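Asker: Each chain, letter by letter, is given below.
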Amino acid sequence: MFRLTIEKALNHIINVNNIDIAPIDNKVISLGVDDIDLSLFFLCLNSRIFVIDNGQNKKTDVEIRMNKASFLSLFKGIPLEDLIEKEDIEINGSIKTAQNLADLLASSSIDIEELVSQYTGDIVAHQVGRSLNQIKNISLSNDGSIIDNLKEELTTILIAPSRAKIFKGRAS
Amino acid sequence: MEKTTHFGYKQVDVEKKQGLVKGVFDSVAGKYDLMNDVMSMGTHRLWKNYTIASSNVKEGDHVLDIAGGTGDLAIKFRKKVGPSGKVILSDINDSMLHEGRKNLINHGVIDVEFVQANAESLPFEDNTFDCVSIAFGLRNVTHKDAALKQMHRVLKKGGTLLILEFSKVENQMLEKAYDFYSFNLIPKFGEYFANDEDSYQYLAESIRKHPDQETLKTMVHDAGFEFCEYHNLTGGIVALHKAVKT
Ligand SMILES: C[S@@+](CC[C@H](N)C(=O)[O-])C[C@H]1O[C@@H](n2cnc3c(N)ncnc32)[C@H](O)[C@@H]1O
Chain A
-15 MFRLTIEKAL NHIINVNNID IAPIDNKVIS LGVDDIDLSL FFLCLNSRIF
35 VIDNGQNKKT DVEIRMNKAS FLSLFKGIPL EDLIEKEDIE INGSIKTAQN
85 LADLLASSSI DIEELVSQYT GDIVAHQVGR SLNQIKNISL SNDGSIIDNL
135 KEELTTILIA PSRAKIFKGR AS
Chain B
6 MEKTTHFGYK QVDVEKKQGL VKGVFDSVAG KYDLMNDVMS MGTHRLWKNY
56 TIASSNVKEG DHVLDIAGGT GDLAIKFRKK VGPSGKVILS DINDSMLHEG
106 RKNLINHGVI DVEFVQANAE SLPFEDNTFD CVSIAFGLRN VTHKDAALKQ
156 MHRVLKKGGT LLILEFSKVE NQMLEKAYDF YSFNLIPKFG EYFANDEDSY
206 QYLAESIRKH PDQETLKTMV HDAGFEFCEY HNLTGGIVAL HKAVKT
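Protein chains in written order, with my numbering: chain A, -15 to 156; chain B, 6 to 251.
In short, the hints are calculated from the structure, not lab data.
Some hints could be false.
Here are the simulated lysine-lysine pairs, PhoX-like style, with alpha carbons at most 25 Å apart [said to hold, decoys possible]: (1) A:K42 / B:K162; (2) B:K107 / B:K84; (3) A:K11 / B:K161; (4) B:K161 / A:K42; (5) A:K11 / B:K222; (6) A:K80 / A:K11; (7) B:K162 / A:K43; (8) B:K162 / A:K11; (9) B:K154 / A:K42; (10) A:K42 / A:K11; (11) A:K43 / B:K222; (12) B:K162 / A:K80; (13) B:K22 / B:K36; (14) A:K43 / B:K161; (15) A:K52 / A:K80; (16) B:K91 / B:K107; (17) B:K214 / B:K21; (18) B:K154 / A:K43; (19) A:K42 / B:K222; (20) A:K11 / B:K63.
Computed footprint of chain A on chain B, listed as stretches where at least three residues anywhere in the stretch have a Cβ under 8 Å from a Cβ of chain A [claimed, not checked]: (21) 58 to 72; (22) 162 to 175.
As the structure is a computational prediction, the values presented were derived from the model and not from experiment.
Glycine is no exception: its CB is placed at the ideal position from the N, C-alpha and C atoms.
Work the whole structure out from these sequences, hints included.
Answerer: Have a look at this one:
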């Protein structure tokens, strides 16, 4: 769910704002957040991004390691060089590719704090709704229908039956 | 080469399975949608929505839905790809395709192409599709590895494969309840609603003969997909395998 939300938000922002992701085409970027034991692999192919949980032995082009605070900062648009300067982030491989990904994460405007709180604990449907409202606010094209669609799909995921137990007694 | 294969819990000659499966779907076609709702208590819609949400399909994409039957996924994909995209619904069975056509028209969807084809030998060029899906179809295919290789072949680089299929239940308690439901109630529903207990007995049995999550994941890798992961839905009653062609 966590990865799927990030994947959908990134692809949404790429499509709506017509972002050219050719510079990271064919690249595999691994991103590890040590203190919350989060590991993400970003695979860029066919003008879209796949967020997967395991590189499955594929050679990565860049490996980025950081802590939770820097992870949150990345999404808030704190420049990568500031984080590198403060030694809050470790990059092995092409800095340019890492920068491209950082730019994309920053522009996605995902409310990452909420999302991380879901990752580490509870998942509540309206929180995802709020994360997506953030996306709506910054989208260049104000296509409400895309957002509504995205929300609908994610809400469906959240209430997919294997998750249903999480909602028991939580209805607001 | 194996001489026999399973058809539900029965062992049959390899070359006979396809005809037997055809018999089942010829028989259930007219009542298929109703029975899906009854048997899954409507949950198949959530599973399918999850599949669509995971698809990464966007405007302009070309999508192939294999074993598409009555077209639930095709209808949803059609919306996503917009006028510049293309959706093909393929199925081996003409009765199911016929029901699919009716269903799509009822939903006001006319621009989906229908192709009668066996998943084991797809009549499409290499590197054609951005997404290939198969929902509740793979377990009926005799040579699953051949079908998976075909799916890999027709996908573009960066294309997504989605396999939605019944799988192995994670929890023992749930498994017991599910077994009872599958083998006692589903055939009875089949008899009551569709006047066809045997076909629904086959459907319940074929689910148990289908490879579990990890085995299918290995098969997907063996077919050439570098990345594959699965998501259990409803405690593993169903799993969605998602793979990317690299
Ligand atoms: C359980 S139905 C699923 C229909 C639809 N995808 C859905 O999810 O509602 C299985 C479908 O698989 C088709 N099928 C069985 N064997 C096949 C094969 N070898 N190639 C293509 N389709 C096949 C059947 O005709 C049937 O329509």
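Asker: State for each hint whether it applies.
Answerer: Going down the list of hints, with the structure as the test:
A distance of roughly 16 Å separates the Cα atoms of K42 (chain A) and K162 (chain B); the hinted pair therefore holds under the 25 Å criterion. The straight-line distance between the Cα atoms of K107 (chain B) and K84 (chain B) is roughly 18 Å, inside the 25 Å bound, and the hint therefore holds. A distance of roughly 17 Å separates the Cα atoms of K11 (chain A) and K161 (chain B); the hinted pair therefore holds under the 25 Å criterion. Annotation: proposed proximity of K161 (chain B) to K42 (chain A) holds, straight-line Cα distance about 19 Å (limit 25 Å).
In summary, the hint linking K11 (chain A) to K222 (chain B) is supported, as the alpha carbons are separated by about 23 Å, within the 25 Å threshold. Taking the CA atoms of K80 (chain A) and K11 (chain A), the gap is about 12 Å. The hint holds against a cut of 25 Å. Proposed proximity of K162 (chain B) and K43 (chain A) is supported: the alpha carbons are some 17 Å apart, at most 25 Å. Among the hinted pairs, K162 (chain B) with K11 (chain A) is consistent with the structure: their alpha-carbon atoms are about 13 Å apart, no more than 25 Å.
Taking the CA atoms of K154 (chain B) and K42 (chain A), the gap is about 20 Å. The hint holds against a cut of 25 Å. With a CA separation close to 10 Å, the supplied pair K42 (chain A) and K11 (chain A) stays within the 25 Å bound. Simply put, K43 (chain A) and K222 (chain B) have alpha-carbon atoms about 20 Å apart, close enough for the 25 Å limit, and the pair holds. Distance restraint check for K162 (chain B) and K80 (chain A): the Cα-Cα separation of roughly 24 Å lies within the 25 Å cut-off, and the hinted pair is therefore satisfied.
The hinted pair formed by K22 (chain B) and K36 (chain B) meets the criterion: a straight-line CA distance of about 22 Å does not exceed 25 Å. As the CA atoms of K43 (chain A) and K161 (chain B) are separated by approximately 21 Å, the hinted pair is consistent with the 25 Å bound. At roughly 22 Å between alpha-carbon atoms, K52 (chain A) and K80 (chain A) fall within 25 Å of each other, so this suggested pair holds. The straight-line distance between the Cα atoms of K91 (chain B) and K107 (chain B) is roughly 19 Å, inside the 25 Å bound, and the hint therefore holds.
Taking the CA atoms of K214 (chain B) and K21 (chain B), the gap is about 17 Å. The hint holds against a cut of 25 Å. Restraint check for K154 (chain B) and K43 (chain A): satisfied, since their Cα atoms lie roughly 23 Å apart, inside the 25 Å limit. For the hint linking K42 (chain A) to K222 (chain B), the alpha-carbon distance of about 16 Å falls within 25 Å, and the restraint holds. With a CA separation close to 21 Å, the supplied pair K11 (chain A) and K63 (chain B) stays within the 25 Å bound.
Taking a C-beta to C-beta cut-off of 8 Å, the region 58 to 72 of chain B contributes 5 residues in contact with chain A, enough for the three needed, and the coverage statement holds. With 4 residues bearing a CB less than 8 Å from a CB of chain A, the region 162 to 175 of chain B meets the requirement of three and the coverage assertion stands.
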